[in-house]
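The lines below spell out each chain.
Number of protein chains: 2
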Amino acid sequence: MGKLLAALEKSVVKSPPLWLMRQAGRYLPEYRQARARAGSFWKLCMTPELAAEVTLQPMRRYGFDAAILFSDILVVPYAFGREIAFEEGEGPRLDPVRSVQELDLNPLHWHSRLEPVRDAMRRVRAELSPETDLLGFCGAPWTLATYMAEGRGSTDQRAAKLWGYRDPEGFAQFLEVIERCVAQHLVAQLEAGATAVQLFDSWAGSLPEKAFAQWVIAPTRRIVDAVRAARPGAKIIGFPRVATLEGYRKYAEETGVDAVSLDTAVPLRWAVTQFGSNVTLQGNLDPILLIAGGRALERAVDELLEETQSVPFIANLGHGILPETPLEHVALLVDRIKGPH
Amino acid sequence: MGKLLAALEKSVVKSPPLWLMRQAGRYLPEYRQARARAGSFWKLCMTPELAAEVTLQPMRRYGFDAAILFSDILVVPYAFGREIAFEEGEGPRLDPVRSVQELDLNPLHWHSRLEPVRDAMRRVRAELSPETDLLGFCGAPWTLATYMAEGRGSTDQRAAKLWGYRDPEGFAQFLEVIERCVAQHLVAQLEAGATAVQLFDSWAGSLPEKAFAQWVIAPTRRIVDAVRAARPGAKIIGFPRVATLEGYRKYAEETGVDAVSLDTAVPLRWAVTQFGSNVTLQGNLDPILLIAGGRALERAVDELLEETQSVPFIANLGHGILPETPLEHVALLVDRIKGPH
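Protein sequence lines, in the order shown, are assigned to chains A and B.
Going by this note's numbering, the first residue of the first sequence is number 829, and it counts up by one from there.
Going by this note's numbering, the first residue of the second sequence is number 829, and it counts up by one from there.
Worth flagging that the hints you see were computed from the coordinates, not collected in a lab.
Any given hint could turn out to be false.
In this list, chains with the same sequence are indistinguishable; a pair is considered to hold if it fits within one copy or across any two.
To be verified - Taking lysine to aspartate or glutamate pairs in the DMTMM-like style, the calculated list, with each CA pair at most 20 Å apart, reads:
1. LYS1078 <-> GLU959
2. LYS831 <-> GLU943
3. LYS838 <-> GLU915
4. LYS1038 <-> GLU1131
5. LYS1038 <-> GLU1126
6. LYS871 <-> GLU837
7. LYS871 <-> GLU1082
8. LYS1038 <-> ASP984
9. LYS842 <-> GLU915
10. LYS842 <-> GLU997
11. LYS842 <-> GLU1019
12. LYS838 <-> GLU858
13. LYS1078 <-> GLU915
14. LYS1078 <-> ASP984
15. LYS1078 <-> GLU943
16. LYS1078 <-> ASP995
17. LYS1038 <-> GLU1134
18. LYS871 <-> GLU930
19. LYS842 <-> GLU959
20. LYS842 <-> GLU1135
21. LYS1166 <-> GLU997
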């Protein structure tokens, strides 16, 4: 069993498992080369041999304890038959969804459209040593809804919020459809070789309390149940980014996830006191600290290890690694987490 | 005494005082006309008769319980002698600050550069009835530092964080200089007729716990002390937007502010339980709910009033009102807060 899986099973290990959100990404020169060869981000995602290759790049360079499949949260709108366009220098674009009727609701079509992701997963699993864990992932329904309603990344999640506030039933139906596709894709990733899966709810933090309960916690709870019904004992990490501490508490207690990924602002001492060994914690170094490096980074890593030494823990950032991160700072982080032994 | 001041003195009133962040703004057709006549946003800010006029516009239309002077948080970098440029369709730009030596550190110069703000304040005070409160404001040092270090609004506050992580002493000195200018400008606004002042720390939420203590709480504490030394009993509202709940708790307990403005995600029940009548609460309707209108808005307003009925409270949004907000939704909000009496 890998160290990440052990932590998800609530083992407390001396030097915690380490991986980084977006570790297969633009800070790596070999990634930038692969991306240039592929011609587009989306082609890199959807071509199994290329996706597998960039997934393995950071493993070769740094020996992280877990690989995370290179993919994108927009594979779910793609599964629904939406076109995804990537303009150079801009984020992804898709036609805004106005009603569930605009979506291809056939689960067999979802499954066949996402075959390249499973193919990539199988390739990566075949390359990794047995003690190296492999993560699959999916966007959570609320965050996917913000992209799908807006047609792009949004700063204030306006289109999805307006839909939800004005037409609560229609929006609930939209989230439920997304839920089904997400659960199916998570199960498929586990079947294709993922040790565990992570749900990214990047925009969970902008919701008032009630909406958070309805649009973040409830769908996540149903997804966890559906995945466990299909794959008993499946390990699931949830990331309700920038939720309030009350939001994190309820999310951890009510969704059934095995681990909660914490953003940079969450005080680790609070989380350790709150959750003890009930939920594995993951996080939460500031990605900008990893750009800064030096004494500030060293001190923060030492504090992270100190504060989490008594609980099941996965070392990570509080958000994705940034393209400008110096390679040697990542090496320093890896060395310091692994320790002198 | 106005209702806002009464709430800041910890009175519990039956229908709470109401004002809206950015209430003098683009959702008002009369504002858009004034802005077009002025030719630029900055000219509107720095021309006392125009700034006074747009400050009064929402008061005439809606009769809010408090006016807030139309100004901008970038008047502080301007006081330091930095040029502020507003490109059409983009946010404000200024030359990034790399060291305190680049700033004009003469408080007499700060004072004279900000005379137009005080002039506008005096004009507004002269127009308002005595029972109508008038707010001044300033950006808080951390948030101002993010703009000044980046040279523009930033999504991840990178330049300021990098400065702070790499050069903690230099950055502390930078914050201290900003602190002095902020305190002076708050005092000046109170002398010019403001009933109370609000400190906007819009980017407080992105900081890890220790940085929050050093860069948000400590400077705010020193500003509150300095303002009260000059103006005993001065009333100060603080807004550490998107802080964690632990952050809000410490901010309220340690800075000495009279009131804490809450962002949209903060559960009011948590705040009421946490603070009781020790700190006045302000907030926190979702600005997007005010665009949505309808039953969702009505229900949220009723819950807001219900949850805060036993504590000193100022009704407001959790963030600034958005340009797309329908005028009739604001009227509905005002009516519902004021109640049938």
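Those earlier numbered hints the structure runs against, lowest number first: Those not satisfied are hints 1, 2, 3, 6, 7, 9, 10, 11, 12, 13, 14, 15, 16, 18 and 21.
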